[in-house]
Structures are given as structure tokens and as C-alpha cells.
Amino acid sequence: MPLLSYEDLSVLLPGMARPVLDGVFLQVEAGEAVALVGESGSGKSVTARAALGLLPPGASTGGRVTVDGCELIGADAATLRAVRTGKASMIFQDPRAAINPVRRVGDFLTEALRLVGGRSKAEAEARALELLAAVGLPDPPRHLRQYPHQMSGGMLQRVMIAGALTADPRLLLCDEPTTALDVTTQAEIMAVLRALQQDRGLGLLLITHDLDLAAASCDRIYVMYAGRIVETATAAELLAAPRHPYTAGLLGSSPPLHGAPQRLTPIPGVPMGLLESAPGCAFAARCRFARPGLCDQSAPELEPAGGRLVACHLADTVLSEVDR
Amino acid sequence: MSTTPLLQAAGLRKTYPTGGSRLVAVEDLSFSLYAGGALGLVGESGSGKTTTVRMLVGLERPDQGEILVQGAPLAARTRGRAARLARAKAVQIVFQDPYLSLDGRISIGATLDGVLRLHGCADRPARAARVRELLAQVGLGAREAAALPRGLSGGQRQRAAIARALAVEPAVLVLDEAVSALDVSVQAQVLNLLSDIRRDTGIGLVFVSHDLAVVRYVCDEALVMYRGRTVEHQPVAELLAAPQHPYTRLLLASVPHPGWDPEGIGRRRRELASSQEAAS
Chain X
1 MPLLSYEDLS VLLPGMARPV LDGVFLQVEA GEAVALVGES GSGKSVTARA ALGLLPPGAS
61 TGGRVTVDGC ELIGADAATL RAVRTGKASM IFQDPRAAIN PVRRVGDFLT EALRLVGGRS
121 KAEAEARALE LLAAVGLPDP PRHLRQYPHQ MSGGMLQRVM IAGALTADPR LLLCDEPTTA
181 LDVTTQAEIM AVLRALQQDR GLGLLLITHD LDLAAASCDR IYVMYAGRIV ETATAAELLA
241 APRHPYTAGL LGSSPPLHGA PQRLTPIPGV PMGLLESAPG CAFAARCRFA RPGLCDQSAP
301 ELEPAGGRLV ACHLADTVLS EVDR
Chain A
1001 MSTTPLLQAA GLRKTYPTGG SRLVAVEDLS FSLYAGGALG LVGESGSGKT TTVRMLVGLE
1061 RPDQGEILVQ GAPLAARTRG RAARLARAKA VQIVFQDPYL SLDGRISIGA TLDGVLRLHG
1121 CADRPARAAR VRELLAQVGL GAREAAALPR GLSGGQRQRA AIARALAVEP AVLVLDEAVS
1181 ALDVSVQAQV LNLLSDIRRD TGIGLVFVSH DLAVVRYVCD EALVMYRGRT VEHQPVAELL
1241 AAPQHPYTRL LLASVPHPGW DPEGIGRRRR ELASSQEAAS
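Chains X and A are the protein sequences, given in the same order.
Counting from 1, one number per residue, gives the positions in the first sequence under my numbering.
Counting from 1001, one number per residue, gives the positions in the second sequence under my numbering.
Treat the hints as calculated values from the structure; they're not laboratory data.
C-beta: ideal position from N, C-alpha, C; glycine also.
There could be a bad hint or two in this list.
Claimed, not checked - What follows is a set of in silico ranges between Cβ atoms, one per label pair, in the way DEER data are often shown:
(1) Gln150/X to Ala1237/A: 35 to 43 Å
(2) Arg1267/A to Arg142/X: 36 to 44 Å
(3) Glu301/X to Gly1141/A: 30 to 38 Å
(4) Ala1237/A to Gly58/X: 50 to 58 Å
Generate the whole structure from the sequences, applying the supplied hints.
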């Protein structure tokens, strides 16, 4: 059984024209790094939060989400607590917003160890020192006494990862963990996450807008658009030959670092908002391959095409011949 | 074609007081930007990029050195309306977050109209025509002109901020991480817009970014800053093909790519920091 599994998860919010999530399927095995890629408003953060049972207020849901065998949709408080304190942890984009600025790093790290783990003060501090060393901070005893404002963004993100590890989780949910960081710091943080995944066998779900980062650090990638998974494949397959026009459009929108300079081919228009809806494929209005009478009539299901799953009526025709 | 640079920085230095000593934010920065040129400023946080930008637009005064716009010194202090308007025509800036840089209570069209009026265009129909022209240049239409910033998407707001900067026909446009906050698909639209504006107007661009691929797309030269100093200044193609300075090489190795090895980056970065400290 997969460590994390979404089966046909749908999330509806009152007053919105379309579901925030619409029939999401996604799986992460233990020891596997999986990326969920999408633009702002695509629903990727809502997806990640659902794995902790955190849903927007007033949401109505359908489908299932399980972490290590525990069902989260409609779960009672005891189950939610068991998952959040022992199975899954989350790392957010901005550590300065997630860590209390007026408490010392040591207080942040030992609070859960003492309250949930039942450790004494000395035991909790010893464990916190171990965790700070595990995330590669140079001087753990000093860091325990520091305040967040005394640390750089990269160091504080390591503290947040150490904080996520206090629960001894099997699953790490990382929501844009490096977006606010410099590219060299990003590499260092990704190295820490990769070590946790490979050495401790943690499952990793990386939420990001950066397809290159996803491909460089994950085994498999899910691409999300307007609350639906539109394509999923191994990182290598996805980059070499995208099958969904949206994936192809994302690749055509990022300037390459090497190779012949070419004019970018942006996807026209803007991502679909929550107050808009379409009877057919949500991407049809921006898709240069869209066929009237087909794509704007019915929403495509996620189906096998070209050795992966694609939600596109034209998956077997338009992009199957195109070699990038 | 004149050989006077549009923008010239010569020996810029800026320090800030920190406790007893002074922190050197920028040290001995020099470059020249010619008509139609685009210079990328690259570096990590704390490298001095933002201080440089603030000096270029007159928000900070350099401790040493000089900034020349079309051969004339950028006034260290502006007194009076004429001097302020002249400086506005020399250098304009587009910030990262258009939510903060556009007035939320004023429609995009009225914002542009106000800039034109301030700069001496008294004829109302002429202003209206120019507003339409500016909006068309950045791919916006009548609907966007009537909208408040909150009624626009992030990409449209950034286009509006670019149109406002272009309204005074500045010699130089400074873009401070201006595409960093945009979604990839929208970022590509704005990048194409910038290369069109460069081609069509001959404006000089100073493009600040941490993203080397984006710098490569927009700029022909790049200047890499590290701890306030210029460590490398080259045509972008050469910088990417044969980076000379260890920091530039580290920066390139940090960009995610197939077969990426992030494990070695932290070690290389610490080695670089200690060797730079030993050298200074």
C-alpha cells in the first residue's frame, strides 16, 4: 500500500464556480520523491494540506486521502492527531511566517517533543541537537539559543525541516520549500531533503511551480491544472516528451540555460480562476490544439497514453509525433 | 550612433553603519550601458544588487563614485520640480511586486494619464491617445485601462507597471526582479514583451535577477556580484560557456538540471566564503 494515496479527491468551496480539486489521483511510496507541479491557483497547496486533514473552512469533499493507512477525509480528532504528530509533517515556503519570531529556536523545536513525545526537557534538547545536526547546521548548541531574526532564510528553513522531523514522520510534505531562497541555498536545502528521503526512507511530496527543480530532484511528476491532474510520468519521460499541451506549454515558457537561443512560446491567457468554469477541458481556452466541438464540450479523463497517464482528448494525436 | 553610454556607473561605493563599523554593501562598481543594450545584475541576497538599483534610481546616494546618464551626472540631490522630472526621465524602475507599486485606488488608465500630465502633456485628447498607445505596447486594452489594479491578474499588473515606467520615455529602465513573482507561463509573456520593447525603442535595460536562464534570455551582458564586489562581467554567452570566477561556477552548478548534484553545493559555497575572507 502506498504511503500517501489520493483517490478521486474533490474539494468544493461554496460560492466558487468550479471545484478547487476535481478528482485528484496521486500516490507516494515510502522512500520515493514525487513532485506536484502547477501554477498559482492550480490547487497544489490544497492537495498537500489535505494530507494533514487541513481543508478550507466550509469545504465539501469527495473521495479518499490516506496516509500510512489512515483515512483523513472525515477523520475524527484522534486520527488527525495521530497523523499530524507521528506520520506526516509539512514544510512551508516562508519559514519566517511559520516560526514564532519571539521564541528561541530551541523552544520551537522542543515544544512538540515535550508535549507530544513526552520527553523531559533534557531529552528534548538532546533530540533537538541531533535534528539540527541532521539538517546540516554548523553549531547546534548555539542555534538552540538563537532567535529566528538572527538566522538567514536558508538556515531558518533548515530549522523548519528539523521541526518537521520532531514528529519522526514517514512522509514530508514540502510546499514550495525553496521558492523564497537563493539558487545556491535552494540546492543546499534540496540536498538535505534528498538525504532524508534516501537515508531514512521518507516519502517526499514536493509542491513546486518549477518544472526543472521537480525533474532534477524527483522520481515522478504530477502536473496539475485548474484542480485536476493533467499528466503524470517519470521525470525523464515528462521532460523528454510531454504529452499534455499544458506540460508542453510550461516547458516552452521557461528559457533554457544552454542551447541555441529561441524566442519563448508562452501559453496565451492566464490560468483559470476559481470564479470561472468551463464545460469541457479547463485548458481548452488557452490550448493551441483545442478542437471546437470536442475539447470545449466534455472534460477529458486521466487515461493511459504514451506510457503514462494524460487527461487530454488529443493525447494520442497532437503531441505524440512531436519530438522536443 | 553616439558613443556616449546611456548609463555609466564609475567606481560606486556604498556603506551602511552597523553598530561601530560600516558594512560595505557595494564596492568599486563600474559599468557602461549603451543604447539598446541590456545588462543583467546577478547575485545572491546580500550581494549588493538592491543597493545598486537604489543608487541608480536615486533612492540612495553613493559614498563614492558617479552615475552618468547620457554623459550628464545624475543629480545627487534634486531641488525643485524641474530637477525631479528630469531625473524621472533619466531612469525609471519596475519593482518585483506591482501590488505595492501601483496605487490601488486609481485605475490603470488614470495612473498613466497622471504621469503624462505631470510631465507636461496638457492636451487631454493627446494624453488619451498616448495612454492607448502605451497600453497597446504592453498588450493591454480598454478593459484593463478602466480597471483598478486588483481587477487585473499578476501579469497584467506587471505590464501596467512597465507601461507606467515607459510613459515618460526614460533613457534607462531598471527591472528589479520584475518577473520573479509571475507564474512561468505569464513570465514568458512578459519576457517576450521586454525583448520587443528593447528592439523597438532602443531603451537601455538594467535587469536584476537571480535567475540565470532569464538573464540569458533578456540580456547581452551580465555582471555577477558577490558580497558587494563585481566578480565577473562578461557577455552572457561567454559567462555561461566559460565562467571564470568560482562563484559564477557555483551559481551555474546550483541551477537544477538533469543529473543535478546538490550535495556538493554547500561544501563548495563554504570553501568559497572562507577563501574570499582570507583574500580580503
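Are there hints from earlier that the structure breaks, and if so, what are their numbers? 2
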